[in-house]
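The chain contents come next:
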Amino acid sequence: MNLSARLRNIPFWSWIWFILGALYFVLPLYATLDFSLRMERGVVGFKAYQSSFEDPEFLRTFGYSALIAVVTILASALLTIPTAYWIRLKLPQARRIVEFITLMPFVVPAIILVFGLIRIYSAPLTIPFTDIVLMPALTTFKFGTNILVVAGYMVLGLPYMYRSVDTGMRTVGVHTLTEAAQSLGANWYVIITQVILPNLRSALLSGALLTFAIVIGEVVLASFLGVPAFGPYLFLLGQHRAFEPAALSFTTFLMTWAAMGIIQLVTGGQGQASGAH
Amino acid sequence: MTHLALTNVSKLFGDFAAVRDFNLDVEKGEFVSFLGPSGCGKTTTLRMIGGFEIPSFGNILIDGEDITNKAPNQRNVGMVFQSYALFPNMTVAQNIGFGLRVRKESEANIADRIKEMLSIIHLEGKAHSYPYQLSGGQMQRVALARALAIRPEVLLLDEPLSALDAKIRVSLRAEIRGIQQRLGITAIYVTHDQEEALSLSDRIVVMNTGKIEQVGTPFEIYNFPKTRFVANFVGSLNTADAEVVDVQQGLLIADGVLFHTAEGTKGRSVGDKVKMAIRPERFSFASEQKKANVIDATIENITFLGAVVRIEVKIGNANFNMDTFNNPFLELPKIGSQTKVTCSREAVLVLDD
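Heads up: the sequence lines are chains A and B, in that order. So the first sequence is residues 1 to 277, counted in this note's numbering. So the second sequence is residues 1 to 353, counted in this note's numbering.
In case anyone wonders, no lab produced these hints; they're calculated from the structure. Among the clues, some could well be false.
Okay, the calculated bits of chain B under chain A, using three or more residues with CB under 8 angstroms as the criterion [said to hold, decoys possible]:
(1) 50-59
(2) 76-85
(3) 98-105
(4) 268-278
A few chain A residues facing chain B, derived, Cβ under 8 angstroms [what the hints assert, rightly or not]:
(5) M135
(6) P136
(7) A137
(8) T139
(9) G173
(10) L177
(11) A180
(12) S183
(13) L184
(14) A186
(15) N187
(16) I192
(17) T193
(18) V195
For glycine and all other residues, C-beta sits at the position ideal for the given N, C-alpha and C.
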């Protein structure tokens with residue numbers, strides 16, 4: 001059946017719902033784009049975009065958030081891959097507990113998380129009943145604060161990263177693949193590097209890009225920890241200016257769609273492979 | 001000489017004994033099937049041979065070497081899984097060569113072996129295909145080639161055909177048996193499909209609730225089941241409660257009807273309550289007056305099964321199934337009609353519990 005015949009077979013009400021849904025998403029987007037292009041009175045142009053990109057704060061904050069996002073992704077991958085792998089392989093009874101933990105960021109708001117982090121790490125960690133300092137107060141120096149930021153973002157991104165990785169492992173049948181590799185003589189290093197990780201590529205990429213999107217747009221944690229992140233910059237910009245935030249919002253939207261496009265592109269072949277199982 | 005030996009092997013999961021006191025010696029080049037219902041311990045036993053489970057008690061030896069506690073990757077035991085378990089990121093050739101690469105064999109050797117394996121499984125043209133580009137049957141052949149490529153001491157097959165459709169299952173099982181015989185490799189095959197086990201195996205181990213019920217050739221298992229479980233599980237069976245009437249003459253009585261048995265009364269006494277069993281295909285219509293086991297019967301039902309026609313007959317108060325080959329030129333009896341059926345003395349089995 002060709003495309004036009006297929007489209008004709010879609011019921012009338014499906015079309016109505018589709019159009020309503022599309023309008024719901026497209027109209028605000030179009031309004032943002034249109035608004036961002038009218039910075040100069042009577043002229044449609046990219047002045048707001050130019051102004052945004054020329055602001056050194058934009059590059060500084062975006063660069064900072066992008067770097068923190070990359071570190072967060074690496075740290076999250078280091079945490080979630082072995083955890084999900086071990087649970088699939090040896091501790092399936094722990095899956096419910098871990099899934100519950102990964103859902104916590106949906107239940108506990110970021111504001112609670114950041115207050116908890118500040119409360120605990122704004123004082124040095126000492127051995128109980130002594131004055132021996134094990135770790136200085138992390139909020140008192142830049143690197144320490146960055147560690148807290150990454151840790152906080154790891155928690156916020158955990159549902160997406162863990163679930164992506166876990167779903168990827170389930171899809172490729174990581175348990176059987178591991179046993180198959182073992183029966184062929186492979187050691188753990190070979191199994192993880194040649195069998196497990198290559199087959200988790202798409203899952204990891206999905207989790208990584210979702211984490212990236214969260215980190216780039218996050219405001220609460222970054223504001224309270226006082227780091228020069230992109231989220232607070234966008235928020236502050238919105239309070240003083242009108243057109244630039246619209247331009248940056250639209251740019252962020254495009255970047256997100258580009259990221260999703262990359263996921264589709266990279267995972268296309270693997271999706272087929274997984275589907276064959 | 002014994003190639004693979006399992007001695008007093010048991011596996012406990014908490015309080016639950018998945019495998020109990022399992023003893024088996026397998027000769028080199030032998031094809032042995034573990035047959036039993038789900039949860040009988042057959043896969044657990046296979047996984048213990050593969051090293052994926054460690055026995056709670058007992059030992060596993062290959063050529064006299066104790067491998068009980070060896071890691072799976074140090075056993076040189078190939079395994080074929082029900083779900084194929086091909087590496088999705090690798091081509092067919094890379095999958096087959098994986099074990100050899102792990103063993104750091106030379107690239108020339110690996111290439112030769114891959115070629116040889118592809119020729120054995122008749123997939124020469126698929127070397128560069130990915131698993132998702134293959135059918136289920138092709139994937140399982142690649143999985144078999146991958147397991148065989150490393151020249152394993154023992155090949156383990158865990159229900160390898162159960163995910164395939166019926167026609168491919170039949171052709172692939174013949175292929176598996178052919179390859180196994182050609183390479184002379186020792187194979188352990190787990191299945192719950194009795195037809196598969198009967199058609200493939202040199203010997204069958206019938207298992208139930210973690211224990212071996214009977215070990216024997218397919219012929220022995222089918223024709224001379226030792227326990228009621230084996231008799232019921234392998235093939236279909238008519239069973240009836242009976243009582244020993246005459247030990248010397250091998251005479252039993254079931255529902256008021258006398259049956260002669262060849263060996264069933266040996267070691268028993270008059271009045272012993274026993275379970276009598278007769279396979280449906282051992283019955284036939286009595287064409288002439290034989291001395292023993294010519295029994296009056298009423299035709300209760302007739303079911304056409306293609307090559308076989310199953311006729312349900314009432315003998316005394318009990319119903320028995322009788323299988324006869326389909327012959328389009330012979331008229332089948334009418335339901336409700338009276339007839340005489342017969343079976344040999346040897347067909348009347350007496351089962352232990």
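Taking the least C-beta to C-beta distance, is T193 of chain A closer than 8 angstroms to chain B? violated, 11 angstroms
Under the criterion of a CB-CB separation shorter than 8 angstroms, is M135 of chain A in contact with chain B as hinted? violated, 39 angstroms
So, S183 of chain A near chain B? Judge it on the closest CB pair being under 8 angstroms. Where the cut-off is 8 angstroms and the nearest Cβ of chain B is about 4 angstroms from S183 of chain A, the hint holds.
Does the interface hint hold: is V195 of chain A within less than 8 angstroms of chain B, judged Cβ to Cβ? At about 6 angstroms, which falls below the 8 angstroms cut-off, the nearest Cβ of chain B leaves the hint on V195 of chain A intact, so it holds.
Against chain B, with CB atoms and a cut of 8 angstroms, does the hint on A186 of chain A hold up? holds, 5 angstroms
For the segment 98-105 of chain B, does the count of residues with a C-beta closer than 8 angstroms to a C-beta of chain A reach 3? holds (count 4)
Examine the segment 268-278 of chain B for residues whose CB is less than 8 angstroms from any CB of chain A, and state whether their number is three or more. n = 0 at 8 angstroms, threshold three: violated.
Against chain B, is G173 of chain A within 8 angstroms by beta-carbon distance? Holds. Min distance 6 angstroms.
Holds or violated: is there a CB of chain B closer than 8 angstroms to the CB of N187 of chain A? This interface hint holds because 6 angstroms falls under the 8 angstroms limit.
Quick check on A180 of chain A please, does its C-beta sit within 8 angstroms of some C-beta on chain B? Status holds, d = 4 angstroms.
Was the hint right that P136 of chain A lines chain B, CB cutoff 8 angstroms? Hint violated; P136 of chain A Cβ to chain B Cβ min 44 angstroms, cut 8 angstroms.
Agreement of hint A137 of chain A with chain B interface, Cβ distance less than 8 angstroms: violated, 46 angstroms
This entry does not satisfy hints 4, 5, 6, 7, 8, 16, 17, going by the numbered hints stated previously.
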